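A.B. asks: Each chain is listed here by its residues.
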Amino acid sequence: MAPLLKVENLRIELTTRAGKAPVIDDLSLELNAGESISFVGESGCGKSMTALAIMGLLPEGVGRVTGGRILFDGEDLTKASDSRLRQIRGNEISMIFQEPMTSLNPVYTVGEQIAEVLRAHQGLSRTAAHGMAVELLDAVRIPNPKGRVNDYPFQMSGGQRQRVMIAIALACKPKILIADEPTTALDVTVQAQIFDLLRDLRRQTGTSIIMITHDMGAVAEMAERMIVMYAGRKAEEGPVAQVIERARHPYTSGLISCVPHIMAEITEERHELTEIPGIVPGLAEFGQDLCLFASRCPRRTERCVSKRPPEVPFPNAQSSACWHAEEM
Amino acid sequence: MSDALLEARNLSVRFPVRARGWGKKAYLTAVDDVSFTVKKGQTLAIVGESGSGKTTAALAIARLVAGETTGEVLLDGRDIVPLTGEQLKDMRRRVQVIFQDPYSSLNPRARVEDIVREPLDNLTDKPEAEKRQIVDQLFEAVGLRPEQKRLFPHQFSGGQRQRIGIARALSTRPEVIICDEAVSALDVAVQAQILNLLRRLQKDFGLTYLFISHDLGVVQHMCDSVAVMYMGKVVEHADRMDLFNNPLHPYTTALLSAVPSVDPTLRENARRILIPGDPPDPFNLPKGCRFVSRCPVAQAGCHDAAPPLEDKGGPHRVACHLVGAEAQSPLGVDAAARA
Numbered sequence: 001m002a003p004l005l006k007v008e009n010l011r012i013e014l015t016t017r018a019g020k021a022p023v024i025d026d027l028s029l030e031l032n033a034g035e036s037i038s039f040v041g042e043s044g045c046g047k048s049m050t051a052l053a054i055m056g057l058l059p060e061g062v063g064r065v066t067g068g069r070i071l072f073d074g075e076d077l078t079k080a081s082d083s084r085l086r087q088i089r090g091n092e093i094s095m096i097f098q099e100p101m102t103s104l105n106p107v108y109t110v111g112e113q114i115a116e117v118l119r120a121h122q123g124l125s126r127t128a129a130h131g132m133a134v135e136l137l138d139a140v141r142i143p144n145p146k147g148r149v150n151d152y153p154f155q156m157s158g159g160q161r162q163r164v165m166i167a168i169a170l171a172c173k174p175k176i177l178i179a180d181e182p183t184t185a186l187d188v189t190v191q192a193q194i195f196d197l198l199r200d201l202r203r204q205t206g207t208s209i210i211m212i213t214h215d216m217g218a219v220a221e222m223a224e225r226m227i228v229m230y231a232g233r234k235a236e237e238g239p240v241a242q243v244i245e246r247a248r249h250p251y252t253s254g255l256i257s258c259v260p261h262i263m264a265e266i267t268e269e270r271h272e273l274t275e276i277p278g279i280v281p282g283l284a285e286f287g288q289d290l291c292l293f294a295s296r297c298p299r300r301t302e303r304c305v306s307k308r309p310p311e312v313p314f315p316n317a318q319s320s321a322c323w324h325a326e327e328m
Numbered sequence: 001m002s003d004a005l006l007e008a009r010n011l012s013v014r015f016p017v018r019a020r021g022w023g024k025k026a027y028l029t030a031v032d033d034v035s036f037t038v039k040k041g042q043t044l045a046i047v048g049e050s051g052s053g054k055t056t057a058a059l060a061i062a063r064l065v066a067g068e069t070t071g072e073v074l075l076d077g078r079d080i081v082p083l084t085g086e087q088l089k090d091m092r093r094r095v096q097v098i099f100q101d102p103y104s105s106l107n108p109r110a111r112v113e114d115i116v117r118e119p120l121d122n123l124t125d126k127p128e129a130e131k132r133q134i135v136d137q138l139f140e141a142v143g144l145r146p147e148q149k150r151l152f153p154h155q156f157s158g159g160q161r162q163r164i165g166i167a168r169a170l171s172t173r174p175e176v177i178i179c180d181e182a183v184s185a186l187d188v189a190v191q192a193q194i195l196n197l198l199r200r201l202q203k204d205f206g207l208t209y210l211f212i213s214h215d216l217g218v219v220q221h222m223c224d225s226v227a228v229m230y231m232g233k234v235v236e237h238a239d240r241m242d243l244f245n246n247p248l249h250p251y252t253t254a255l256l257s258a259v260p261s262v263d264p265t266l267r268e269n270a271r272r273i274l275i276p277g278d279p280p281d282p283f284n285l286p287k288g289c290r291f292v293s294r295c296p297v298a299q300a301g302c303h304d305a306a307p308p309l310e311d312k313g314g315p316h317r318v319a320c321h322l323v324g325a326e327a328q329s330p331l332g333v334d335a336a337a338r339a
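Which chain is which? The protein sequence lines are H and Y, in order.
Under this note's numbering, think of the first position of the first sequence as 1, with each following residue one higher.
Under this note's numbering, think of the first position of the second sequence as 1, with each following residue one higher.
This is chain H alone, in the form it adopts within the complex (with noise of 0.2 Å):
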């Protein structure tokens, strides 16, 4: 079966002061329909641009698509009119973002904000699209959403709004959802109910999810396979479990050995966290002929200083960019 989403050898270019720089740096991957992946890596590394250029939203003027092909249902997005683009966005793909706050126009009510999606892409009534909102909004669980469908934004609760996100993303039944940083701004009690909310809605719907985030827990509870990115490239992929249990690039070995995790037993020893030292490189710095986690990297040797390393793929369904992949 021909996977849903295929980006191939994606470049995207990024006009700054100093010139163009290439935010990302041939980037292939796939999208079965109904699978859930997971963009990680620190901030900076293009999981985002990468979002938005599924999207056809790179902000105008500044990014551009300059090689490679975004492939939707066989259909390549990068060269889709704006009016094509409209019609898929919202309806085919639909995303959520990180800030519930500011994402949702404070002066429309929510039901206003959920029926417009609806009578844009399916020209429902404005009736129809009302009484829809209000099962949407009890599809996603908030409570009298009879009542709740006429309340204002503000009248919400970060966790409440983030639901409404979901529901005006998932009201055309989106072939995929991007989820964008979905709980960061949230308490984590909450952000357990709205993970909850999603895996039950993907196994409804089956939906394609594709989460963007740097929490490795997250991760692991979310995804079945992982893609992680450093300064605009693909640094390593594979299944979750895996990748976790052996990773194939240190940048993923480090993300996750720097975070203090809860594990089922806490004992009396603490070790010192791992660090990655220093900080991703500036955008000028990025499209080099080099491994460009080099410099912060532990097994840095001179191969990696004068050439990239290729993509390395391993039988275990793995991948990783690394001149040292074998030996990890």
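Just so you know, the hints here were simulated from the structure itself, not pulled from any lab data.
Given the structure is predicted, the values throughout are model-derived calculations rather than measurements.
There's no promise every hint is true.
Said to hold, decoys possible - So these bits of chain H aren't anywhere near chain Y, every CB distance computed over 12 Å:
hint, residue
1, GLU35
2, LEU57
3, PRO59
4, VAL62
5, VAL65
6, ASP82
7, GLU112
8, GLN113
9, GLN318
10, MET328
What the hints assert, rightly or not - Pairwise CB distance ranges, derived in the manner of DEER restraints:
hint, chain 1, residue 1, chain 2, residue 2, range
11, H, GLY282, Y, ASP121, 31 to 37 Å
12, Y, GLY85, H, GLN155, 41 to 47 Å
13, H, PRO313, Y, ASP114, 53 to 59 Å
14, H, GLU8, Y, ASP136, 50 to 56 Å
15, H, PRO143, Y, SER50, 19 to 25 Å
16, Y, ALA110, H, THR205, 49 to 55 Å
17, Y, PRO315, H, GLU265, 19 to 25 Å
18, Y, ASP281, H, ARG119, 33 to 39 Å
Think of the CB as a built atom: it goes at the ideal place given N, C-alpha and C, for glycine as much as any other residue.
On the provided structure of chain H, position chain Y as indicated by the hints.
C.D. replies: Positioned in the frame of chain H, the structure of chain Y alone reads:
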């Protein structure tokens, strides 16, 4: 306790808010009759959801809240709540704060050496040369290069700015440092650098930390004891091992089970305790236990009386009607022992 450096006794903070109707005054009680102790050289973590009052409690200890504070905060046995003037200055020398947001907590128009030196200028009368020497030492201690002293905050990354904030907090040689979500605004890799730095400094300078965080993974790594807050109350207060391996209050258990984990055995064995809904409206709190509206095991009695924070063996204190003297979680043994 003799080795307690910092102790809060029946601490309450309330803020006046506009009430409906003429001439009426209403109060929002953010911290309600809270008591805890921090031993010298150790770390007490205060955890809880947003709005639980953890930051207000910590800032009240640093005498930095605008609200009305009642109760006692003992620093080395001396109450610091009524202090004014010179005595307050002296207390500020001994208690310093590291703030959450490294972007807004540094003056953008000051050079970072002046930022680090400011507490020395305001709170001490050390000679110029000694101040300069202290600043140099601090830059080295937090891992910044001496030539960076002349730069402005915008020329630093988030992690480096947090190092500047730490250097500033250390400048007066304080005994207590309050870390208010000191790493939550940072990227994971940088967070590890700062956490390691904080632990190293604690050892080198013999610091006592009050560590405010909502991230239980980080808390587990940093603390010696934990106070869990919910809606202005401490619901559980215990040593690190006791709290994480045998959480007694249903809220603590739910909070722990909500943290997504990379440990597959934990994920399989842990019964996820979902607590429904959101915290109650702080102006309209439930009459009995404040957690009653979300508690999975609430019983009729829980609606009537607020449970006191009681000792359940060892220094493990819990505020729950359903935890008996044998210190067993009301959720059942399998949920409490999460392994």
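A.B. asks: Each hint: holds or not?
C.D. replies: Each hint, compared with the structure:
Listed as outside the interface, GLU35(H) is consistent with that label: its C-beta sits roughly 19 Å from the nearest C-beta of chain Y, beyond the 12 Å cut-off. The Cβ of LEU57(H) lies farther than 12 Å from every Cβ of chain Y, with a closest approach of about 24 Å, so its non-interface assignment holds. Interface exclusion of PRO59(H) from chain Y stands, the closest Cβ pair being 22 Å apart, more than 12 Å. Against the 12 Å criterion, VAL62(H) stays outside the reach of chain Y, whose nearest CB is about 22 Å from its own CB.
In this structure VAL65(H) is separated from chain Y by more than 12 Å, as the shortest Cβ-Cβ distance comes to about 27 Å. The Cβ of ASP82(H) sits about 35 Å from the closest Cβ of chain Y, beyond the 12 Å cut-off, so the non-interface label holds. With a closest Cβ-Cβ approach of about 23 Å to chain Y, GLU112(H) is found to remain outside the 12 Å limit, as its non-interface label requires. With a closest Cβ-Cβ approach of about 20 Å to chain Y, GLN113(H) is found to remain outside the 12 Å limit, as its non-interface label requires.
Residue-level check passed: GLN318(H) sits 17 Å from the nearest beta carbon of chain Y, beyond 12 Å. At roughly 18 Å from the closest C-beta of chain Y, the C-beta of MET328(H) stays outside 12 Å, upholding its exclusion from the interface. Restraint check, GLY282(H) to ASP121(Y): a C-beta distance of roughly 35 Å satisfies the suggested window 31 to 37 Å. At roughly 46 Å, the beta carbons of GLY85(Y) and GLN155(H) sit within the given window of 41 to 47 Å.
The supplied range of 53 to 59 Å is met by PRO313(H) and ASP114(Y), whose beta-carbon atoms lie about 54 Å from each other. A hinted range of 50 to 56 Å holds for the C-beta pair GLU8(H) and ASP136(Y), which are about 54 Å apart. PRO143(H) and SER50(Y) have their C-beta atoms about 21 Å apart, which keeps the hinted 19 to 25 Å range intact. For ALA110(Y) paired with THR205(H), a C-beta distance near 54 Å keeps the hint of 49 to 55 Å intact.
Against the hinted window of 19 to 25 Å, the Cβ-Cβ separation of PRO315(Y) and GLU265(H) comes to about 21 Å, which satisfies the hint. Range check, ASP281(Y) to ARG119(H): Cβ separation about 34 Å, and the 33 to 39 Å hint holds.
The structure agrees with every numbered hint stated previously.
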